[in-house]
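Residue numbers (this note's numbering): 1 to 259.
Among the clues, some could well be false.
Here are the computed lysine to aspartate or glutamate pairs in the EDC-like style, where the Cα-Cα straight-line distance is at most 20 Å [to be verified]:
no., residue 1, residue 2
1, Lys48, Glu171
2, Lys182, Glu218
3, Lys253, Glu199
4, Lys198, Asp119
5, Lys66, Glu171
6, Lys208, Asp77
7, Lys48, Glu199
So the derived label-pair ranges between C-beta atoms look like this [stated by the list, open to error]:
no., residue 1, residue 2, range
8, Gly107, Val227, 22 to 32 Å
9, Asp90, Asp257, 40 to 50 Å
10, Lys198, Glu87, 45 to 55 Å
11, Leu35, Gly97, 16 to 26 Å
These aren't lab readings, by the way, just hints derived from the structure by calculation. All residues carry an ideal CB built from backbone N, CA and C; glycine is no exception.
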Amino acid sequence: MNTIDIRTVDVVQYLQPLREGGSMPAIVKADDDFLYVLKFRGSGQGKKSLIAEFIGGELARAIGLKVPELVFMNLDDSFRNTEPDEEIQDLLKFSVGLNLGLHFLSGAITFDPLISKIDALTASKIVVLDSLISNIDRTAKNANLLYWHNELWVIDNGASFYFHHNWETWESHLTRTFPFIKDHVLLQQATALIDAGKEIQSLITPEKIIEIVSKIPEDWLMSESDVLNADEKRAAYIQFITTKLSMIDILVKETEDAR
1 MNTIDIRTVD
11 VVQYLQPLRE
21 GGSMPAIVKA
31 DDDFLYVLKF
41 RGSGQGKKSL
51 IAEFIGGELA
61 RAIGLKVPEL
71 VFMNLDDSFR
81 NTEPDEEIQD
91 LLKFSVGLNL
101 GLHFLSGAIT
111 FDPLISKIDA
121 LTASKIVVLD
131 SLISNIDRTA
141 KNANLLYWHN
151 ELWVIDNGAS
161 FYFHHNWETW
171 ESHLTRTFPF
181 IKDHVLLQQA
191 TALIDAGKEI
201 QSLITPEKII
211 EIVSKIPEDW
221 LMSESDVLNA
231 DEKRAAYIQF
241 ITTKLSMIDI
251 LVKETEDAR
């Protein structure tokens, strides 16, 4: 089994905001000389969207989908001093510390469902995974898929695991299905759903789930307003993913009916 090795880098240059993203991520340069799309802990959904982005991305990678390298990114307090935009100043101020970066795919083209055709198994794996992690943000309006070097890349999983926005009721989400799958951008191309479900079940092992969740930075899991502590949240994410995998046949059936 491939182990997950998440690098930590330092932001050395803030280049430009990506205003089309609701949380206003930015292109930055790190001390390894690579460019990244930086997702800020100080954005609207905060650290929870970073956790969703991280778990969703690494689960996608585990089932053989193309995902840009994810790194932890240290941001210090110096960048807001040279930023004229007050909104960005505030975002930088509240994001000092450890953030999440995705390797920037320079020259990538946004997936267009009207002209882009992908193979049935890849489409089906993306659809079933999004059902599994309750990702509400892969629609025709916002596909969150890129073409880069003639391959399809999965980005932006930050709207997944929305149960964690209210920890008091998270257990009520365990046995729910995912009716929002009817709006998925790849639904019509996902004609190998049963095979995709079997492959996902075989590749996302209990050990892989634990390994991914164990890599979440402790700091991201801490919040005075939440009823659960960091260890309890880790256990909750593990239980949620494990439960969804156990009902994957039900999720696949719901998806097929939606098609």
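Right, here's what the structure says about each hint:
For a cut-off of 20 Å, the pair hint linking lysine 48 to glutamate 171 stands: about 17 Å separates their Cα positions. This hinted pair does not check out: lysine 182 and glutamate 218 have alpha carbons roughly 35 Å apart, beyond 20 Å. Among the hinted pairs, lysine 253 with glutamate 199 is consistent with the structure: their alpha-carbon atoms are about 16 Å apart, no more than 20 Å. Annotation: proposed proximity of lysine 198 to aspartate 119 holds, straight-line Cα distance about 17 Å (limit 20 Å).
Using a Cα cut-off of 20 Å, the hinted pair lysine 66 and glutamate 171 is violated, with the two alpha carbons roughly 31 Å apart. The straight-line distance between the Cα atoms of lysine 208 and aspartate 77 is roughly 35 Å, outside the 20 Å bound, and the hint therefore fails. Taking the CA atoms of lysine 48 and glutamate 199, the gap is near 28 Å; set against the 20 Å cutoff, the hint is violated. In this structure the hint that glycine 107 and valine 227 lie 22 to 32 Å apart at CB is violated, the actual value being about 45 Å.
A C-beta distance of roughly 45 Å is found between aspartate 90 and aspartate 257, which places it inside the suggested range of 40 to 50 Å. For lysine 198 and glutamate 87, the hinted distance range of 45 to 55 Å is satisfied, since their beta carbons lie about 46 Å from each other. Between leucine 35 and glycine 97 the beta carbons are some 21 Å apart, a value that agrees with the proposed interval 16 to 26 Å.
In this structure, the earlier hints numbered 2, 5, 6, 7 and 8 are contradicted, and the remaining ones agree with it.
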